[in-house]
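*Asks:* These are the residues of each chain, in order.
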Amino acid sequence: MSDYIFLVNVGSDIVNSVCLTSLVPNRRKSSCSETNFKVGLYSQKFDSIYWEKLDEVEFTDKNIVLNSSDYNLDVGQLVVVVPCAVDFLLLDQYDELPKPISRKSDMSPVNARASVYFYKNKSFSSFQGEYPYQMSKVKGSFLAFDSLMQDTNKDINTRVVFINLYSQKLSLKQKFHLNIANSYSKEKVGSIIYVHNSAGIIDIPVNDDMELCIYSKDTLGIPIFISHNNLGYLSVEHSHPPSELFLKNKSKGQLLLKQNWLNQLP
Amino acid sequence: MKNLLRKLVKFNSFLNASPFSVIHTKFNKINYDVSDFFIFRLDGYETVFIAENNLALLTGEHIQCTHSFNFFDKKGIPCGVSEVEDSKFSFRFEINKDITSSEEVGSFTHHTKYPDEILEKYAELLSDISFQHRGYTGFRKSKAFGYSYMHGNFGGLYFNKKNQIKSLARLRSKHIFTPQLVIKSDYSYDFLFSNPTNKSVIIKFFLVKNNSLENLEEALLPPFATYKTTLSNESIPNNCNISWETNFPIGRCVIFEYNKIYFDVFHS
Chain E
6 MSDYIFLVNV GSDIVNSVCL TSLVPNRRKS SCSETNFKVG LYSQKFDSIY
56 WEKLDEVEFT DKNIVLNSSD YNLDVGQLVV VVPCAVDFLL LDQYDELPKP
106 ISRKSDMSPV NARASVYFYK NKSFSSFQGE YPYQMSKVKG SFLAFDSLMQ
156 DTNKDINTRV VFINLYSQKL SLKQKFHLNI ANSYSKEKVG SIIYVHNSAG
206 IIDIPVNDDM ELCIYSKDTL GIPIFISHNN LGYLSVEHSH PPSELFLKNK
256 SKGQLLLKQN WLNQLP
Chain R
87 MKNLLRKLVK FNSFLNASPF SVIHTKFNKI NYDVSDFFIF RLDGYETVFI
137 AENNLALLTG EHIQCTHSFN FFDKKGIPCG VSEVEDSKFS FRFEINKDIT
187 SSEEVGSFTH HTKYPDEILE KYAELLSDIS FQHRGYTGFR KSKAFGYSYM
237 HGNFGGLYFN KKNQIKSLAR LRSKHIFTPQ LVIKSDYSYD FLFSNPTNKS
287 VIIKFFLVKN NSLENLEEAL LPPFATYKTT LSNESIPNNC NISWETNFPI
337 GRCVIFEYNK IYFDVFHS
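Line order of the protein sequences matches chains E and R.
Here the first sequence stands for residues 6 to 271, where the numbers follow my numbering.
Here the second sequence stands for residues 87 to 354, where the numbers follow my numbering.
No lab work stands behind these hints, which were simulated from the structure alone.
Where hints are given, some of them may not hold.
In silico DSSO-like links for lysine-lysine, alpha-carbon gap of 27 angstroms or less [what the hints assert, rightly or not]:
#1 Lys295/R x Lys255/E
#2 Lys159/E x Lys125/E
#3 Lys229/R x Lys253/E
#4 Lys34/E x Lys174/R
#5 Lys127/E x Lys229/R
#6 Lys248/R x Lys263/E
#7 Lys227/R x Lys253/E
#8 Lys199/R x Lys127/E
#9 Lys227/R x Lys159/E
#10 Lys227/R x Lys34/E
#11 Lys285/R x Lys125/E
#12 Lys253/E x Lys248/R
#13 Lys104/E x Lys174/E
#14 Lys191/E x Lys199/R
#15 Lys67/E x Lys229/R
#16 Lys257/E x Lys199/R
#17 Lys174/R x Lys222/E
#18 Lys253/E x Lys96/R
#19 Lys161/R x Lys227/R
#20 Lys96/R x Lys104/E
#21 Lys314/R x Lys253/E
#22 Lys314/R x Lys34/E
#23 Lys295/R x Lys67/E
#24 Lys199/R x Lys253/E
Just chain E, same shape as in the assembly (with noise of 0.2 angstroms):
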């Protein structure tokens, strides 16, 4: 199992920002405690199927930290970071981005994660987030809930901000609609147009009465959950997939659960 990381520009001033270490996340005593890996930066602007190489950087010390804001990023646009050998030549341009390299030293379980640090002004959130090589190379679809959204104050503004990247090669770059609806009548109350290997990005509306949905019938990906205010409030976690409602049988439950769903919906 591998992971990559990403960098986005989610707009509102505020900057995101992950931290790798060389330090394997978790081991037996035992096994090798650090990995040797250096990371490339690769984006995809929304017209081109291309990925161009932004920058590759190698550890001077166990931990390596980077800026959304180093970058000149629009708002949406998505930076991967791909982990990968020291040695391992990263070209300036690719259709499909490398593989990245495993981070694991034995069979612990644990996904090669990075901190993923949001800014604005002096507040912070962050989590440990990944975006799983496996999951990058299937078009799916997508559904989360609400539940991260579900805050009283009308001050406090929340946007998802949902991941999406396909690593594999394109042949063009097609526009798809992430959508919200009332999950009680199934009517749709919003939706936004993105493309493949970007943010997109939705403002969630202030509502007491009303639970939500937000979903894809087009693409897979993860959605971030930004909650702020012009006080210093920021608060930042992703919602977990539908599998993780179950125990036995998770794919089957979260298929049984798509379907009941995005059938209904619009």
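With chain E's structure known, arrange chain R on it following the hints.
*Replies:* Chain R only, in chain E's frame:
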């Protein structure tokens, strides 16, 4: 003989990488409703929990259910039970000291129960799947601010037919866990661990500075206990890392990172 040895070594590695009981998860039919072990803290923080109604989410319809919460104090002793009826897809549950018998820090589980007529109606659908509760816990310091959330990350707790708490989580050989976190000298850090197993576990913390390790402390967690340790900004150098050694195959914890009025919470 060599092949047998190789297979045994491989099985041992597989076993040591399995956070849950292999017998229960691979060979037994798990029909229990299992929960992660969530943390609450009321020591200067408010805690809220977003409880998901899994059957309602599966079917896409509101379904009446009983959300059941069981609280444990720092030592792992049960300290409160709370039940709430609701039919929506998720329920926002505010935790206070009346519910936790005045305990300020501890852990809790979330389970759901459905009326018999609902279980009969969806018997075929539920014959093949079972639910787990991962939920979202939110913390805040001030009402002017919103909650900072994180999702559940480890547990596998359930109640058997005799209403005894049981765990799918297992202790294995010693593992070293290192979050992808750079310790900053102008911030302080609280690390909260809970033990979702019915055996005691020892945790050893150490700082990783350049190429040296500095032992910080060692703690013993009884079954279902919660432990908090703090790295204050006077005691830590800048730009170092922290690791811990436990017998958990995944030694995750909850980390609070703070500086003056600002704080962040995330799971490692």
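*Asks:* For every hint, state whether the structure bears it out.
*Replies:* Here's how the hints hold up against the structure:
| no. | hint | result |
| --- | --- | --- |
| 1 | Lys295/R x Lys255/E | violated (41 angstroms) |
| 2 | Lys159/E x Lys125/E | holds (19 angstroms) |
| 3 | Lys229/R x Lys253/E | violated (39 angstroms) |
| 4 | Lys34/E x Lys174/R | violated (45 angstroms) |
| 5 | Lys127/E x Lys229/R | holds (18 angstroms) |
| 6 | Lys248/R x Lys263/E | violated (35 angstroms) |
| 7 | Lys227/R x Lys253/E | violated (37 angstroms) |
| 8 | Lys199/R x Lys127/E | violated (43 angstroms) |
| 9 | Lys227/R x Lys159/E | holds (18 angstroms) |
| 10 | Lys227/R x Lys34/E | violated (37 angstroms) |
| 11 | Lys285/R x Lys125/E | violated (43 angstroms) |
| 12 | Lys253/E x Lys248/R | holds (22 angstroms) |
| 13 | Lys104/E x Lys174/E | holds (13 angstroms) |
| 14 | Lys191/E x Lys199/R | holds (26 angstroms) |
| 15 | Lys67/E x Lys229/R | violated (38 angstroms) |
| 16 | Lys257/E x Lys199/R | holds (21 angstroms) |
| 17 | Lys174/R x Lys222/E | holds (24 angstroms) |
| 18 | Lys253/E x Lys96/R | holds (25 angstroms) |
| 19 | Lys161/R x Lys227/R | holds (24 angstroms) |
| 20 | Lys96/R x Lys104/E | holds (26 angstroms) |
| 21 | Lys314/R x Lys253/E | violated (32 angstroms) |
| 22 | Lys314/R x Lys34/E | holds (23 angstroms) |
| 23 | Lys295/R x Lys67/E | holds (9 angstroms) |
| 24 | Lys199/R x Lys253/E | holds (17 angstroms) |
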